[in-house]
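*Asks:* Sequence:
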Amino acid sequence: MFEESLVNYNKKVLSAVSEVSDALHGYRLTKEQLDENKKAVNATVRAFNISMTQYNDGLVSYQRLLSTVDSLTRNQDRYAQIKGALATNVILLYKALGRGWQMNKGKAYVSREMAEKMKKRTDWGLFLDENMTRLPKGFTDE
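Residue numbers for the sequence shown, in our numbering: 721 to 862.
Hints are computed from structural coordinates only; laboratory data are not their basis. We put the CB at the ideal spot given by N, CA and C, even for glycine. Check each hint, because a few of them may be wrong.
What the hints assert, rightly or not - Simulated restraints, written as ranges between beta carbons of each label pair:
{"id": "1", "residue 1": "ARG841", "residue 2": "GLN774", "range": "42 to 48 Å"}
{"id": "2", "residue 1": "ARG841", "residue 2": "ASP797", "range": "41 to 47 Å"}
{"id": "3", "residue 1": "LYS751", "residue 2": "LYS840", "range": "34 to 40 Å"}
{"id": "4", "residue 1": "TYR782", "residue 2": "GLY818", "range": "52 to 58 Å"}
{"id": "5", "residue 1": "LYS758", "residue 2": "ASP790", "range": "16 to 22 Å"}
{"id": "6", "residue 1": "SER831", "residue 2": "ALA736", "range": "30 to 36 Å"}
{"id": "7", "residue 1": "ARG841", "residue 2": "ARG748", "range": "45 to 51 Å"}
All chains should be built: construct the whole structure from the sequences, respecting the hints.
*Replies:* This is the structure:
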């Protein structure tokens, strides 16, 4: 019985370590992809600006300009997808570290002082009540 419990315990520990390791690895790889894709977006923005100048000067065709717009749009779309994947990897890491991913029901999301500062510059409308505890509709199980 003791040996069986010890084996099960070791399996759980190894599984937890593997889960954290996988989450960290996924986060690191996605972060690298994001950094590289940001360079591609910046390069295509520069290419678009050059093409626009050349088009305005009559040096390139409208088709060439559209080609750079297409390239820019694809790179920006890819960047947005990678940012989403990065957020997912952060959540997976958070869960792997044992923190869970539950809503903060009934608890204030920000301090009273911060809530007062936020009220001065933002109209939260129906998103949060005066205690800063109510989530937008569709975010709760109720």
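*Asks:* None of the hints should be skipped; say for each whether it holds.
*Replies:* Against the structure, the hints come out as follows:
1. For ARG841 and GLN774, the hinted distance range of 42 to 48 Å is satisfied, since their beta carbons lie about 43 Å from each other.
2. A hinted range of 41 to 47 Å is violated for the C-beta pair ARG841 and ASP797, which are about 32 Å apart.
3. Against the hinted window of 34 to 40 Å, the Cβ-Cβ separation of LYS751 and LYS840 comes to about 35 Å, which satisfies the hint.
4. For the pair TYR782 and GLY818, the supplied restraint of 52 to 58 Å holds, since their beta-carbon distance comes to about 57 Å.
5. Between LYS758 and ASP790 the beta carbons are some 19 Å apart, a value that agrees with the proposed interval 16 to 22 Å.
6. For SER831 and ALA736, the hinted distance range of 30 to 36 Å is satisfied, since their beta carbons lie about 33 Å from each other.
7. For the hinted restraint 45 to 51 Å between ARG841 and ARG748, the CB-CB distance of approximately 36 Å leaves it violated.
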